[in-house]
Every structure is written in C-alpha cells, then in structure tokens.
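Numbering follows the numbering used here, in which position 184 of the sequence shown is assigned residue number 185; successive positions increment by one, without gaps.
It is possible that part of the hints are untrue.
Computed beta-carbon distance windows for the label pairs [stated by the list, open to error]: (1) H263 <-> K58: 42 to 48 angstroms; (2) K170 <-> G308: 20 to 26 angstroms; (3) N80 <-> R267: 29 to 35 angstroms; (4) L329 <-> R88: 38 to 44 angstroms; (5) I324 <-> L81: 20 to 26 angstroms; (6) T78 <-> D108: 36 to 42 angstroms; (7) E187 <-> Q298: 35 to 41 angstroms; (8) T328 <-> L59: 35 to 41 angstroms; (9) E229 <-> S126: 31 to 37 angstroms.
No farther apart than 20 angstroms at their CA atoms in a straight line, the calculated lysine-lysine pairs in the PhoX-like style are these [claimed, not checked]: (10) K58 <-> K136; (11) K72 <-> K170; (12) K188 <-> K155; (13) K136 <-> K188; (14) K330 <-> K155; (15) K72 <-> K155; (16) K306 <-> K170; (17) K136 <-> K72; (18) K58 <-> K139; (19) K125 <-> K61; (20) K107 <-> K172; (21) K172 <-> K110; (22) K139 <-> K125; (23) K170 <-> K110; (24) K52 <-> K72; (25) K52 <-> K125; (26) K330 <-> K188.
It should be emphasised that the hints constitute simulated quantities derived from the structure, not laboratory data. Heads up, the beta-carbon is just placed ideally off N, CA and C, and yes, glycines get one too.
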Amino acid sequence: MEDLNKRLSLPADIRIPDGYLEKLQLSSPGFDQPLSRRSRRASLSEIGFGKLETYIKLDKLGEGTYATVFKGRSKLTDNLVALKEIRLEHEEGAPCTAIREVSLLKDLKHANIVTLHDIIHTDKSLTLVFEYLDKDLKQYMDDCGNIMSMHNVKIFLYQILRGLAYCHKRKVLHRDLKPQNLLINEKGELKLADFGLARAKSVPTKTYSNEVVTLWYRPPDVLLGSSEYSTQIDMWGVGCILYEMAAGRPLFPGSTVDDELHLIFRLLGEWLGGLVRVAPGGLKEKLYAVIKSNTLQISAEEAMKHGYFRSLGLRVPTLHESISIFTLKEIQLQRDPGYRNSSYPDSSGWITHTHTHTHTHTHTHTHTHTHTHTHTHTHTHTHTHTHLIHNTHTMQ
C-alpha cells in the first residue's frame, strides 16, 4: 500500500483557533436526486451533509501518519466518493495542510480540479469528501507499461495546463505537482488533486516556505534554497511530467538534492558542484538570477495556445471552465501501445493505436504487421524523446 505521507503532503499539525473550521464549511453543493427510501440504509433524519452517517466506507486506499483515504459511497446519491479522513490530535489541533486545502478548494470550481463535496468535522477527525476518480497518472502510466499514445499525452497535458491556468489566474499555486496528484477517470478526464501544499499568491515577491514539492519535480532555484517563487514552480513540474508521459521514465530521478541538481545541470547547463552548497548568500542570489534569466517563463495559459494543441480542434479553447473537454465528440483517448491490466473497458470509445499510426506516418515496409507496428512505435518514441528534452527546457 502506498505511503500517503508523500501523496497527501501531510506535515506536522498546528493548533488553529476554535470555530475556524466552521468558517470554512461549504454551502450544500448540488447533488443528484436522492434515492428512494427503501434503497437507503438510514433515514433522512440520520444522514445529510456534514454527517459521517451519510457515507459508507468501502475499500481503504491508503494510510499515512495523519490521514487515511477510503473509497466510499454516498447514501444520498449512491455515488462513489473518496473519503480523506484526517486524524485530529487534541493537543495539536487540525493539520494546517487540511485547513489550507479546504479553504482553497471551496473556491476552486473547474472541470480539471477535483471537486470537494462535503466536510465532516468531529472531535476526533476531519473528513474531506471528494469526488471519486479511478486512478492517478502514475497508476495510469504503470498500467500501460509506461508506453503512452502521444495523442493521449497531448490530451492529458492540455487538461493539466487548463486546471493550472485557472488556479494561477486566481493567485493559487499548487506547489506539489506530480503524477500521483493528477487523478484520472475512465473517460480520460484528468483533475488536479491534493492542494495540501497550495497557498494563495497574493504578492509575487512574497516569501514562502522552502522544501515544498517532491524531489523529482522541483525546479533548481527551489532546490538551491530559494524561498521566493511564483507560478513557475508549477510549470517546471508540468515539463517534468510531460517528459515522463512521453518518454516512459522520469526526467530527473535524483535521490538527493545534490543528485537532483546534478541531473538538471547536466542536461540544461553547467553543474556548479559543491560551490552551490557553500556559496555565500550574495552568490546564491546571483545563481538564482542566472537560472531565472536562462529560463523561458511561459505561463499555463500561454502554453495552452501553443500550436502543439491545434490538432485538438478549434472548439476546445472555447469551452467554459466548468465543462469537460470530453463533452466534444472529437476528444477521445486512443488505446495506448503498452495497454495492460487497466480497469478501463475495451470499448468503441477507444481509437485504436494501429489506426492512428497508419494515419500519421507514411513509411512503407514489406514486413509483417507485428514488426511494422513495433518499428513505427520505436520511431515515434525516439522522435518524441529528442523533441521533448528541448520542450522541457524551454517551457520552464
């Protein structure tokens, strides 16, 4: 079972003033119509918003030091939900990450951001009730053997950028982007989740706490100790995730901070080695400036307008922020080349991989079908790998 300390981003608890949680309560969201009385396990007088009795716990999805996540079902709607049960220590109060997540998500309503349905506060726990999605991007990549259709990479990337653009426009940084925090349902809808490390960015130069994101997706200035950052902390993560989807392996899988910096500078520029660790404050500031001056500061909104996404069609950019791109008939996932052990059905909703490559490439061979398929995929993968090293560098 996965350790949710990393996945849920739950540091030490802090005490909060009495009554603070009540101020963060959501107004009742629009649920589906209730089921008939005979199909409920409890009467309406016993269940409702803000009550634990409203939800049935099913499978345990994972457990960490401060929280346990369950798959659950609502008695009101019969819909599946994810129950993030955060244990409260009486001497400590509620975890600051839970408060931050609630305060942000109640104001973030977007098709590519996970929906917070309900909040349940008891003496012993704080339970956040989220919409349920089948898996995260890490699990998706594992299920397809880390060989994804480039068409699917494009669709997932666009949805990541779409959700981020909405957040950044509202002065919110996610600060912990990684495949485990990107949830996907059976349609292919991708949603940003786990805003435990997010924080409102009211002033661009405001100082934030260091050490905030998973090592592999941290930008170099944060690794070097910078505590002043903006939307680019998320955009660096996007570039790393894009490469991982396309190449089938992490871009910078460092085991330590020094190792991570070495991998980054080896690819993008000269590695300064031990000089960085002992550099006086003034020199470190110059290093930060060099990194920023050599980094293309592209925004999520600008990236969405790139010609790379033109093949998705003209209607996608015109959709309202609350509407999924999958409401358009032209947006469908393809079958991934390495597709295996997936919970997703083999239905007509998939566009076959063979069809796509026949359409895209014009190479002619007199080999067998199997050999031709393998050759075509290898050609595509190699081309993408080379191209995306450049893209990952320039998108930052």
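To see whether the hints hold, each was checked on the structure:
| no. | hint | result |
| --- | --- | --- |
| 1 | H263 <-> K58: 42 to 48 angstroms | holds (45 angstroms) |
| 2 | K170 <-> G308: 20 to 26 angstroms | holds (22 angstroms) |
| 3 | N80 <-> R267: 29 to 35 angstroms | violated (48 angstroms) |
| 4 | L329 <-> R88: 38 to 44 angstroms | holds (42 angstroms) |
| 5 | I324 <-> L81: 20 to 26 angstroms | holds (22 angstroms) |
| 6 | T78 <-> D108: 36 to 42 angstroms | violated (23 angstroms) |
| 7 | E187 <-> Q298: 35 to 41 angstroms | holds (36 angstroms) |
| 8 | T328 <-> L59: 35 to 41 angstroms | violated (29 angstroms) |
| 9 | E229 <-> S126: 31 to 37 angstroms | holds (36 angstroms) |
| 10 | K58 <-> K136 | holds (18 angstroms) |
| 11 | K72 <-> K170 | violated (32 angstroms) |
| 12 | K188 <-> K155 | holds (15 angstroms) |
| 13 | K136 <-> K188 | holds (11 angstroms) |
| 14 | K330 <-> K155 | holds (16 angstroms) |
| 15 | K72 <-> K155 | violated (29 angstroms) |
| 16 | K306 <-> K170 | holds (16 angstroms) |
| 17 | K136 <-> K72 | holds (12 angstroms) |
| 18 | K58 <-> K139 | violated (24 angstroms) |
| 19 | K125 <-> K61 | holds (19 angstroms) |
| 20 | K107 <-> K172 | holds (15 angstroms) |
| 21 | K172 <-> K110 | holds (14 angstroms) |
| 22 | K139 <-> K125 | violated (32 angstroms) |
| 23 | K170 <-> K110 | holds (13 angstroms) |
| 24 | K52 <-> K72 | holds (17 angstroms) |
| 25 | K52 <-> K125 | holds (14 angstroms) |
| 26 | K330 <-> K188 | holds (12 angstroms) |
The structure fails hints 3, 6, 8, 11, 15, 18 and 22 (numbered hints given earlier, in ascending order).
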